[in-house]
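**Q** Now for the letters of each chain:
Number of protein chains: 2
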Amino acid sequence: MTVRFACAQIEVVPGRPDINFATIIDAIDKAKAENIDILLLPELAVPGYFLGDLWEQPAFLDDCIEYGNRIIAAADNICVIFGNIALDRTKHNEDGRIRKYNAAFIAQNGKLLKGALPYPYIVKTSLPNYREFDDSRYFHSLRKLREEMAVPIEELVKPISITIRQQSFNLGIMICEDGWTTNYSINIPKLLAKNGADVLCNISCSPFSLQKNPKRHQIFGEQAKDCHLPLLYCNNVGVQNNGKNIFTFDGCSCAYQNDGTLLTDSPAYEEHFLKTNFDPNTKLLTNENYIHNNYSEIAEIYNAVSYGTRKFLKQIGISKMTIGVSGGIDSALTAAFYVNLLGPGNVLLVNMPSKFNSPLTKNLALMIAKALKCNYCIMPIQESVDHTNTQMTQTQIHDYESNSAFSLELSPLARENIQARDRTRILAALASAFGGGFSCNSNKAEITVGYATFYGDLTGVLAMIGDLWKNQVYELAHYLNDKIFERKVIPDEIFTISPSAELSAEQTVGVGGDPMIYEYHDYLFRAFIERWDKASPLDILYWYKEGSLEEIIGCQSGIISKIFSTNKAFIDDLERWWKLFSGFAVAKRIQAPPIISLSRRAYGYDHREAQLSPYFSLKYHKLKEELLRN
Amino acid sequence: MTVRFACAQIEVVPGRPDINFATIIDAIDKAKAENIDILLLPELAVPGYFLGDLWEQPAFLDDCIEYGNRIIAAADNICVIFGNIALDRTKHNEDGRIRKYNAAFIAQNGKLLKGALPYPYIVKTSLPNYREFDDSRYFHSLRKLREEMAVPIEELVKPISITIRQQSFNLGIMICEDGWTTNYSINIPKLLAKNGADVLCNISCSPFSLQKNPKRHQIFGEQAKDCHLPLLYCNNVGVQNNGKNIFTFDGCSCAYQNDGTLLTDSPAYEEHFLKTNFDPNTKLLTNENYIHNNYSEIAEIYNAVSYGTRKFLKQIGISKMTIGVSGGIDSALTAAFYVNLLGPGNVLLVNMPSKFNSPLTKNLALMIAKALKCNYCIMPIQESVDHTNTQMTQTQIHDYESNSAFSLELSPLARENIQARDRTRILAALASAFGGGFSCNSNKAEITVGYATFYGDLTGVLAMIGDLWKNQVYELAHYLNDKIFERKVIPDEIFTISPSAELSAEQTVGVGGDPMIYEYHDYLFRAFIERWDKASPLDILYWYKEGSLEEIIGCQSGIISKIFSTNKAFIDDLERWWKLFSGFAVAKRIQAPPIISLSRRAYGYDHREAQLSPYFSLKYHKLKEELLRN
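Read top to bottom, the protein sequences are chains A and B. Mapping to the numbering used here: the first sequence position 540 is 540, numbers consecutive. Mapping to the numbering used here: the second sequence position 145 is 145, numbers consecutive.
The set of hints was computed from the structure by calculation and includes no laboratory data. A couple of the hints might just be wrong.
One copy or two, it doesn't matter: identical chains are merged, so the pair holds either way.
Cut-off 30 Å, straight-line C-alpha distance, at most; resulting in silico cross-link-like pairs (DSSO-like, lysine-lysine) [what the hints assert, rightly or not]: (1) Lys91 / Lys158; (2) Lys91 / Lys225; (3) Lys488 / Lys370; (4) Lys355 / Lys488; (5) Lys622 / Lys111.
For clarity, every value in this text was computed on a predicted model and none was experimentally measured.
In isolation and in its complexed conformation, chain A is listed as follows:
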């Protein structure tokens, strides 16, 4: 006999149980039409997952329960397993609010199947509290419930017995992190297997990060093999955000055979209905072997940025975008992306030259607009900047303490910032006249050290490439030219000119460039933020001394000695950027736009930060002294 499973890889809209309910009912109808026996839906498919503190609003929770009840009622002649919030109104969470579980409901013929818990649902055991995850803030775990009940966890983590066409077998149901067993003292899949599960099901709401899918295949494949059970994985698509970070959900639902092989999977970023057949007698999946997903890293980046931006803008109701184009690579890439996403008629590029902008970059900006066939205008800032400079330096300031007057002077840096902020003046006004929002074109290297003007270039509705290092920006720009547009919408010169802010005579393209040497600093900065154990100046200096720095941070071999002729030069550079990274750049990031998150660590609430004073450790000071003596 064959049991027909399906994973409904649906799009979940966070905070909209009404929309998600309709999507789920559609999936159930489709499943019925296709004679599916057991339909899996994602974790928290009714409310969504990243909702911030909306979990504290009783009226919202009540709606999730109500829609959940309607889904249960709709599960006639089919078994529907779906994620939702579960409430126990007789108990409270440790914050004093109503007891909330992140739960899986198993509905069959309008009723819920019950397992070993005192509730008619499964409760998530392992609650992640790292990166963007705040599960313990909102949900009571099975571990805490077990503590209250004073019974061993083994007695609670049990499969659910189900009968399909007179055949009974045991479903071992996990919720997302329950399957990521590496660092937890409790191994849920093994407990389920030990307690008689015939097949493992993991319902997830698991955001995309680079390199996450291969990692998941490794962990879940081994899990299926170790437990000698097939494993079905159902994840949602869509975008959800925590305010500062936009996360994409690539879905990539799949099924593993009991030997750990990946048997079938769903395409990334598409709603999909993944069907698998299960034989309860042999405890094997009986699908044909077919695999959809195989993306290069740059294609994954493209897909995530593209999908994330499109869905996020749609969610906040923005269909037009204004972009400042300087003739540099960051704005060129951003412009090409938006034209691809929104259509050329919905994109307005504006070049905002001052007297420091070179004819070369001004011409490049125009070339991009022509190549992209979008809207374009030039709005010079010089007159307005001159006006500000004059106003600042010629206005008399009255000191009412001494009853005297004085005037102020502007430093070169202040004059640069005036220009950058003057462009925000134009972008914001233009966006409201054109409709929609305006784009923040900052990349991750700039955001790391705050190489951007407060209320200047670090503004906008979205930092689309804010989680990409400069080298990834170039790579992605080539990808758009080669694979998406299949022509050079981003001109060759943009790849070859030296990046420069063009805010002073010294910075004009052809004269001088950015203070960052991206071939090295991209990788140095990545070590500060993306390593699981964060690198500090001590680690960097130690690796430098040992000669392993280039290999460890991943930059090209030989570059460090090319850039720095002395230990002192290396240390001065390191300290300069570290002070910015852990100092003023934090203040800028606190007020920066949301970022499409791709890496294992994006700025925002993925990487949380306090404004602290930059700190160098005891051993760093020692090592520095040693290196400066030599």
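Since the structure of chain A is already known, use the hints to place chain B on it.
**A** Just chain B now, with coordinates in the frame of chain A:
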């Protein structure tokens, strides 16, 4: 025999173990000089508490351990109990990083006293994960350790035996949340008492919120009484932040007798050395009864804003402030505050009129500057705004798809926003010329519904009054006049004019005012955000229908029927603000400045938010229909 305890209410600087170490050594020296037997120091006194993800940096952790070892070595002829991070390098946290405990170390004669744990320190049991707290993100709890060790919690939560001058007794040591027992299934103080504690000690790093101290006295007083043991409470002073929120730590260390009475306490926001005497035979404190703290709510607000701003600016190295003064109450209050904090010579007020600003408000701005005896200038924006308007509407935009050109128009709202952002142009440039930062003057009502221009008035280094409702702004302004300056630095008219943005002819003071009627909307908005169970439109509408709304949200009786003549008018108003609160205002808050946090819920990482689409619940729609039928 008498054991001499002292609580060192020190200032802890987050992320600076070097500074905190020096402070702690000073406290130990002082304690020795005063013949103290047992010195208590706060929770995480070495690293600080709100550090964001700095906890993931091994070099920082290593320094905390090193400084901890030096403190232990300094504890000769004295017992020092201090909070620090503890590492177990043989284990990992559930995020895969090194095992970290939020721990209390008990050092005597250069050695650590050991209790029932496998470690020579106490591990925090209850980890808070609500509001600003993210303990589970960083620390492994005693509950999880117990789970691994598979022993009952009772066997691990035990007092530490100590001998002072040949007399032995048992110290029951808790760390902060361990004492806030209301919602936890494990009661640490009771377990300590049951297991033989003779005195309870709670070392904390507990931020100030309004109404928190009375609540603490109630809980800890009852705890002392229930356990029939005296309780010493040691908390730090200083400011710490989580990026978006600046929290003040008021200290208020204190001691409760075994009948629950508050015996003695430390002043708020001052470093203080609180001495108490304990008799191990009678298990009683033998102090004279003296109480320092007794503040009105408005004095508490003043103290917190004042202390928080001063310490935060010092930490980020800002000693001068530029403030835009409109002649309205928010900027007047902010200006007076900064003059009081930084001195008149370090404050620059700037009035930035457009053609819509009335002579009345322009004159009020000048009056404030004169009364405060600070620096003042006028920088009109009209010329620059006209320039922007012209640039926006007269620049030809080329459409490279159709090879045609067009121009744009500006809506009235766009024209308002241009003015507000033009002021940021001036403020930011002026601040960099004058030195220091510029102030964000937005209050909590405005921030709730985004009644502020993106990159306009919602910018600045700090939103000093961003956690104050408009009615609190007025009250605090009176307090500054009456109690701090003892003269009318904020003129009478500012209290009586109707608040208005003056961004259009209709909004000019004397013509029209803000769309919010603060006497009602302050309280409505507070229900959205500050109630522990957040009020939604359903609750509001239900209370409105029942006639209990005014009482429940706390506004004056009779005001609602005065404002709204029909159910429809009430509902339209409710929906208007709810859509803004849960819609565009979220986007604005994500990029808003940090806020000095006072209430039980400040915008930022205290109240976490995702950008979602505004949602009205099922029952709301029903109730609305019912009310509109009537």
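**Q** So, for every hint listed, does it hold in this structure?
**A** Do the hints match the structure? See the list:
With identical chains, the CA atoms of Lys91 and Lys158 are at most 30 Å apart both within one copy (23 Å) and between copies (28 Å). Taking CA atoms no more than 30 Å apart as the test, Lys91 paired with Lys225 passes between copies only; the shortest distance there is 26 Å, against 39 Å inside one copy. For the homomeric pair Lys488 and Lys370, the shortest alpha-carbon distance inside one copy (11 Å) is at most 30 Å, but the shortest distance between copies (62 Å) is not. In the homo-oligomer, the alpha carbons of Lys355 and Lys488 lie at most 30 Å apart inside one protomer (28 Å), although the nearest pairing across protomers, at 49 Å, exceeds that limit.
For the identical chains of this complex, Lys622 and Lys111 are inter-copy neighbours only, at 27 Å across copies versus 68 Å inside a copy, given an alpha-carbon limit of 30 Å.
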